[in-house]
Amino acid sequence: MTLFRILPARALSQAAWLLLAAWVPALLTAMWHPRRPTWGPENAPVAEVTWSQASGGAGQVLWIDARSATVFAGGHVPGALSLNEAEWEQGLPAVVKAWRPGVKIVVYCDDRACEASQSVARRLRRELGLDEVSVLKGGWRAWLEAQHSKP
Amino acid sequence: MKALLRFLSALVVAAVPAAALEWSVQGMELKTVVGQEKAVAVFPFRNRSDKPVRIISVMPSCSCMATAPAKEVYAPGEAGEIRVEIALSGYVGRLRRSVAVETDEAAARFADLTMTLDIPEAVVLNPRFLFWEVGDKPEEKHLEIVATEPAKTSVGEIVSSDPAFQARLEATGRPGVFRLWVRPKDTQSRIDATIRLNVVLVGRPETRVVYVAVK
Numbered sequence: 025m026t027l028f029r030i031l032p033a034r035a036l037s038q039a040a041w042l043l044l045a046a047w048v049p050a051l052l053t054a055m056w057h058p059r060r061p062t063w064g065p066e067n068a069p070v071a072e073v074t075w076s077q078a079s080g081g082a083g084q085v086l087w088i089d090a091r092s093a094t095v096f097a098g099g100h101v102p103g104a105l106s107l108n109e110a111e112w113e114q115g116l117p118a119v120v121k122a123w124r125p126g127v128k129i130v131v132y133c134d135d136r137a138c139e140a141s142q143s144v145a146r147r148l149r150r151e152l153g154l155d156e157v158s159v160l161k162g163g164w165r166a167w168l169e170a171q172h173s174k175p
Numbered sequence: 061m062k063a064l065l066r067f068l069s070a071l072v073v074a075a076v077p078a079a080a081l082e083w084s085v086q087g088m089e090l091k092t093v094v095g096q097e098k099a100v101a102v103f104p105f106r107n108r109s110d111k112p113v114r115i116i117s118v119m120p121s122c123s124c125m126a127t128a129p130a131k132e133v134y135a136p137g138e139a140g141e142i143r144v145e146i147a148l149s150g151y152v153g154r155l156r157r158s159v160a161v162e163t164d165e166a167a168a169r170f171a172d173l174t175m176t177l178d179i180p181e182a183v184v185l186n187p188r189f190l191f192w193e194v195g196d197k198p199e200e201k202h203l204e205i206v207a208t209e210p211a212k213t214s215v216g217e218i219v220s221s222d223p224a225f226q227a228r229l230e231a232t233g234r235p236g237v238f239r240l241w242v243r244p245k246d247t248q249s250r251i252d253a254t255i256r257l258n259v260v261l262v263g264r265p266e267t268r269v270v271y272v273a274v275k
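Here the protein sequences line up with chains A and B, keeping their order. Per this note's numbering, the first sequence runs over residues 25 to 175. Per this note's numbering, the second sequence runs over residues 61 to 275.
Worth flagging that the hints you see were computed from the coordinates, not collected in a lab. Each residue gets a CB set at the ideal place from its N, CA and C atoms; glycine is no exception. Careful, some of the hints might be misleading.
[Stated by the list, open to error] Across the chosen pairs, the derived CB separations fall in these ranges:
1) A:Ala110 to B:Thr232: 32 to 40 angstroms
2) B:Lys201 to A:Gly83: 23 to 31 angstroms
3) A:Glu169 to B:Pro180: 24 to 32 angstroms
4) B:Val100 to A:Pro49: 29 to 37 angstroms
5) A:Ala97 to B:Val100: 50 to 58 angstroms
6) A:Gly126 to B:Arg239: 25 to 33 angstroms
7) A:Ala110 to B:Glu217: 25 to 33 angstroms
8) A:Ala39 to B:Arg239: 56 to 64 angstroms
9) A:Ala110 to B:Val194: 28 to 36 angstroms
10) A:Thr53 to B:Gly153: 47 to 55 angstroms
11) A:Pro125 to B:Val102: 47 to 55 angstroms
Work out the full structure, taking the sequences as your base and the hints as a guide.
Now the structure itself:
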């Protein structure tokens, strides 16, 4: 039994028109919207990992705090290094010194809404040529919640 | 079908109350040039309601931005603007920044103003970190140096912070493109060093740092 026998041709035609009507503004948005996603490999989003994935996997993790130095001073993941774009050149030497082959870098900022961790992670991959860089899903807030939920 | 679509459209329009502050634009792309230290975005608005609107706060998404409304209360029909200054020093690539404007208007309390910036990097080091593992053969490795605007950029001397790493600069024949070759004397123990590259950008001397290490 074909689809045409189940659904009347008119319904299919209307569905096709609706799809077309949705596709046109979507295409225009993708081309001209000021907040359109960019598709170049440099701007591709860095993979996210959960707190348990980051801390539970094999190998060491180098935590990078992408928030401002002031916020970092108020509390951070133990052992994390501060590296944000406003103070990039000041923070980068410590990251390079601390990193070892095989160590995974996980970057975090405040929460899901903040974009600093993605920017810092992309820049680390690009500038240092390191592949094993990811972003902590949910950021500092997720880390705090994970600590509170520990038995 | 048409009647259903009209009904749904009317429902959506009726359900969303018009905001008192009407913004000319809420998102913009800002182009910057090599060496630019600050970008400015201006978001004009007008109070289209019949009541005064108070701007309670203007909250930028990062400490790199400075913004404040020219005044707090806007009378009906009055126009105003939110001016945002974004410090570019240290930033490169494509960035998104936003400002949340909070008003005392119950129907539409917050307005998000967004800016997307493309900040060109005057000198791209690809990558800016070379490393050898302990015990590796101490072979020469290289990175590429690309001046985004060769006419405005000149690459000068290179200085290694540690004689354990020897560095040399090689012209590729392509305008503004060089190779930096680095060789460690040995790879028997861990060592970190930097190689400073002196460049002149638009007449201004600057230094770029390359990290080298035996890990």
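Comparing the hints with the structure gives:
Distance hint for Ala110 of chain A and Thr232 of chain B: a CB-CB separation of about 33 angstroms, consistent with the stated range 32 to 40 angstroms. Checked against the hint of 23 to 31 angstroms, the C-beta distance between Lys201 of chain B and Gly83 of chain A comes to roughly 24 angstroms, which is consistent with it. The hint said 24 to 32 angstroms for the Cβ distance between Glu169 of chain A and Pro180 of chain B, and at roughly 39 angstroms that hint is violated. The hinted range of 29 to 37 angstroms is satisfied by Val100 of chain B and Pro49 of chain A, whose Cβ atoms lie roughly 31 angstroms apart.
At roughly 30 angstroms, the beta carbons of Ala97 of chain A and Val100 of chain B sit outside the given window of 50 to 58 angstroms. Distance hint check: the CB atoms of Gly126 of chain A and Arg239 of chain B are about 28 angstroms apart, consistent with the given range 25 to 33 angstroms. At roughly 29 angstroms, the beta-carbon separation of Ala110 of chain A and Glu217 of chain B lies within the given 25 to 33 angstroms, and the hint holds. In this structure, Ala39 of chain A and Arg239 of chain B meet the distance hint of 56 to 64 angstroms, their C-beta atoms being roughly 57 angstroms apart.
Against the hinted window of 28 to 36 angstroms, the Cβ-Cβ separation of Ala110 of chain A and Val194 of chain B comes to about 35 angstroms, which satisfies the hint. At about 22 angstroms, the CB distance of Thr53 of chain A to Gly153 of chain B disagrees with the hint of 47 to 55 angstroms. Checked against the hint of 47 to 55 angstroms, the pair Pro125 of chain A and Val102 of chain B passes, with Cβ atoms roughly 48 angstroms apart.
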